[in-house]
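Chemist: Letter by letter, the chains look like this.
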Amino acid sequence: MLELFLSQILNGVVIGFVYALIALGFSLVFGVANIINFAQGALLMLGAFLTFTMVRLGAPIAVAIPIAIVITTATGMLIERLALRPLQNAPYIAPLLSTLAIAIIFDAAAEMIWSAEIQAFPSPLSKYVVFVGSAYLTGVDFLIIAVSLGVMAGLMLFLSRSWMGKALRATAQDPEAATQMGINVPLMRQFSFGLAGALGALAGVLIGMYYMSVFPQMGIPYGLKGFAAALLGGLSSIPGAIVGGILLGIFESLASGYVGEGWRDVIAFSVLLAVLIVRPHGLFGNKSLDALGGASGATGGIPTTSVVASMAGATGRTKQRVLEAPLLVLLAVIALFALLPVLSGSNYLLQVGTQAAIYAVLAVSLTLLTGSAGVISIGHAAFFGVGAYAAALAGRNWGIPAEAAFLLAGIAAAVFAAVLYWPTIRLSGHTVGLATLAIGQIVYLVCLNWVDVTRGPMGIPGVQRPSLLLGIDMKSLTAQYWQALVVLAIAVIIAFAMLNSPIGRTWRAIREDRLAAHASGVPVSRYLVLVFLVSGFLAGLAGAQFAFLQNFVSPESFMIDTSIVLISMIVLGGLGNITGALIGGVLLAMLPEVLREFAEYRMVAYGAILLLLLRFRPQGLAGTR
Amino acid sequence: MAEALNTKPLVSLTDIDVFYGPVQALFGVNVTVMPGETVVVLGGNASGKSTTVKTVLGLVKAARGDVLFDGQRVNGTPAYQMIQRGLGSIPEGRRMFSEMSVLDNLKLGAYVRRGESKGELDAQIEEALAMFPRLAERRNQVSGTMSGGEQQMLAMARAWMRRPKLLCIDEPSMGLSPLFVDQVYEILAQWKARGMTILMVEQNANMALSIADRGYVLKQGHVSVTGSAAELRDNDDVRRAYLGG
Amino acid sequence: MSTSITRARPEALIIDKVTRRFGGVVAANALDFTVPQGEFLAVVGPNGAGKSTLLQMISGVIRPQEGEIRLGGRRIDRLHTEAINALGISRTFQTSRVFPMLTIRESIMVGTQVGLIGGGRTPRRYGPVTELISALLRLPGYRARVAAAEARAEEVMKMFGDRLWPRQNDQAFSLSYANRRRLEIARALVQDPDILLLDEPAAGMNPSETDELTDIIAELRRIRPGMTIVMVEHKLQVVRQLAERCIVMAQGTVIVDDTPAGALEDPRVIEAYLGTRRSAAAFGKVNADG
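Which chain is which? The protein sequence lines are R, C and U, in order. As numbered in our numbering, residues 1 to 625 make up the first sequence, in order. As numbered in our numbering, residues 1001 to 1245 make up the second sequence, in order. As numbered in our numbering, residues 2001 to 2290 make up the third sequence, in order.
Chain R with its partners taken away, still in its complex shape (with noise of 0.2 angstroms):
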């Protein structure tokens, strides 16, 4: 028993050097150029598949591992150049969604180019074996733990000693005042994106061989675990990052070891909650952990979040069109849909039709939560999804019927939705995106590990759909159809109903100052978890229409993909905005269908949209409201 304790306890601490390198890239950028860089796990990937290419090609491991630092590196200070700069007085979700949308580019870049299947990666050290008791370090171990520290070493002298280092140092302590002491301050930012694109590729490497494996899918989790052990450390200090990183490594290796590997990285996500929650500041940390806050004094520090207030301040610009067609032109819009059934028979169109409905109520319960009350959720596919699982375990495991299990699934949601990102309440800023996907992922990984239940990937089959609903046969597709059209306009009706009263406006005031909105006695939390529970419950809605048409409800459907792509439409559509909304769902969740042949460009195509979009036209294709 205690040789497992301590096996679990030697992996979690060398695992955890690696998480402290990542955290390292994480604290930099965010030090110094005081955003949240999802691309970190993205040239973590970057770094790793160079490497296992250059290799596979016949260079010698210890001549491919340096070129890869140097590539990637290199790659970082094009992401802060091509993906941030130009954003630099835009709206203050762009950057954050940008990293984001390179992260999706590349994640889905690297599935065409290597597969989406797991690699070998070559670990010539992995033969050499030292025990420890019962226990034992292989050569990868000590490497790994040599390397760490050697590079943490470096980077405190090059931080502490170097012109560069202090350079780097005073921009991330007042930007402004470097800036007056002649300090090139959008060098050091692409600096700092290198800085941790080298850290990320080492990391990516190292992951590599202990692990003897490599997968495109690898940025965004082991992406996640830096940030959480940079959290968990403070954010601010290379001992802290190695703390957190240890810690970390040794919560999630005991989970793995006396829980079962599946729960890995639910352990270590919900550390990342758990930090946020009780100790946002970290163990060691006094650096605040708002992205935008920065030096608050005695101004007080939220910033405000509002899409327009960033953009007229920095083009002058103070008109914005907007198009917001009322509640009853939307509803006669969906009722001409429901025509589509009469003139044509095809179970094709009516297959994607019924899809793009169910996507466009997804967009509008996000466009609430993200658009309206700016809180910035990239987990909103967990909402779908417990949705979608209440009601295929309403039918099959309780004999609920169809017709209340829709209920049920959006209640559900929407408690799930209050629940888990009560966390998030107390955040401002990019940091909630980072908790939002977090808990995308935990409900995720819950949905693919809690076999009991949720019989894990091979997921639920034989859902039943509504039978009778006054008295017209739900069991066709067409029936499907036009009860996911009625789902649709009850949706937009509720969000017309809540965005036009008191609490709508209320949330909009707490996206565009909610420090104003305090002033002002809003209890903010209290309307936060009110919109959580509005958008938790439509899209729990979404999620019973999904698996009844699907009659099968899996894990993959709820994955972070998902949740992507529903920013991307409600950044398409305009934030906040119930028609752009409407608009950007049917239009992105057709996409697919036209670009057929190119189906596998799909999430390539959806981060290259978010990316333009984000540059050229940040209030979306009808205006943000």
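Take the hints with a grain of salt, since some may be wrong.
[As the list claims (entries may be wrong)] Dumping the calculated DMTMM-like pairs for lysine to aspartate or glutamate here, alpha-carbon to alpha-carbon at most 25 angstroms:
no.	chain 1	residue 1	chain 2	residue 2
1	C	Lys1219	U	Glu2150
2	C	Lys1165	R	Asp174
3	U	Lys2158	U	Asp2215
[As the list claims (entries may be wrong)] Partial selection, computed: residues in chain U whose CB lies under 7 angstroms from chain R:
no.	residue
4	Ala2086
5	Met2101
6	Arg2105
7	Gln2113
8	Leu2136
9	Pro2140
Treat the hints as calculated values from the structure; they're not laboratory data. Idealized CB from N, CA, C, for every residue including glycine.
Given the coordinates of chain R, assemble chains C and U onto it according to the supplied hints.
Modeler: Okay, now just chains C and U, sitting in the frame of chain R:
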């Protein structure tokens, strides 16, 4: 500066308009600073006086008009390049690198001179510390923990490390006790006596006019009065700018 | 009922040896004074004197490190900003914090939200779920309260003449500087506060706009004499015209506490703003020598 050659201004702002988003902060402002001169920009809150200096520093961009430094048009040149060209800045509110020591702050002050020998920079740091004995006692203290007066001195010493052709100062007496204000101005007077060119923004009009050669009074983004320090000292507009008549 | 108790007390707001430092910089140094209910207190002083920090602490945006702030005997310095607001303290900000994308009408309505759902000075009327359902189904009780709030918002908008009312559907970010300040004041006034904190309300206004604002505040004084007002203001003529009492701050302490006329004639005040003539003369000499 006895040479009559120096008739070309070191800095000149001509017909400057500046906007913050939709709000206009400066309306056709003209300001010049001759080499060796000490010039003060006075004005009440939100009068545009800080914006004037920020325009020189390249921290804000003029929508209209010309900014000349050392005979060259520098509109739109970013601030860090202006510092490389020879400006030094003591920002409003001091803006310490608050988690760094006094010594590191001073070193960063000489950032644009990082190519010079370490011995020379170290010698100048010692010179700076000799000028401000309070800083010498605290050379390894983290700057954020120092008092406002000490921070102001550090900000001055840090800018001085640049060996600027023109020193821009924004409200050096802000929030300081009279004792510190006296010390700040004593040092400024010494620098001026050694021939440094200074452009400053100040609320403390009497102090500023005691060392300035000339001054401008800004009111709602317009230059309302300009003249020699002696003229401004007895001008009611100055008093009114702060005390509202 | 509780409000009547509060109002019966002779003193509304007590600042009790309050200290706040930022690093080594002392922004408030053992501030100690009382603002009786219904008083119009002006706080003046040069930049960096700690005036805004004082308002930030009263409104709960930042917390004092030492000392207490009490309202009607109740300690409020540990409360959250929104809880302090709900007790009847409304404020404006030094750099206007409007809700950029909300219209004037919507922005002012945000101020009524706490009154709508109750809490603080009034009994809690709507829990979160009750409000959700009431708003969704547009239940008559809720609608009536919203209508009353709308009426109140209109009344306040009209106080500002034709500045806000004709523009009520303009978004806040498109407003002029002066109108943003008016909007902020309106958002505070719609709450009918017991204590109004104004942080440089006339900053950035031209002389005629300043006069107009002065008239509005004077009118407000007439309508609501019981309302305590604490105003930080740089334009001293505004202080002279409006305030009953004037505190002059410098380096985080109160250096003069007097009537406006008395305070603004005090040599220490002139010194705080314009610097001492004596030491100035001394540097003039250095200057001449150099």
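Chemist: Evaluate each hint against the coordinates.
Modeler: Comparing the hints with the structure gives:
A hinted pair counts as satisfied when its Cα atoms are at most 25 angstroms apart, and C:Lys1219 with U:Glu2150 does not qualify at roughly 39 angstroms. Distance hint between C:Lys1165 and R:Asp174 is fulfilled; the C-alpha atoms sit about 24 angstroms from each other, no more than 25 angstroms. Proposed proximity of U:Lys2158 and U:Asp2215 is supported: the alpha carbons are some 14 angstroms apart, at most 25 angstroms. Proximity of U:Ala2086 to chain R holds as hinted, the smallest CB-CB distance being about 5 angstroms (cut-off 7 angstroms).
Checking U:Met2101 against chain R by beta carbon gives a least distance of about 5 angstroms; that is within 7 angstroms, so the hint holds. With its C-beta approaching chain R no nearer than about 10 angstroms, U:Arg2105 sits outside the 7 angstroms limit, and its interface hint is violated. Residue-level restraint check for U:Gln2113 holds (minimum Cβ-Cβ distance to chain R is 5 angstroms; threshold 7 angstroms). Look at U:Leu2136: its Cβ gets to within about 5 angstroms of chain R, closer than 7 angstroms, so that hint holds up.
With a least beta-carbon distance of about 14 angstroms to chain R, the hint placing U:Pro2140 at the interface is violated under the 7 angstroms criterion.
When held up to the earlier numbered hints, the structure conflicts with 1, 6, 9 and fits the remainder.
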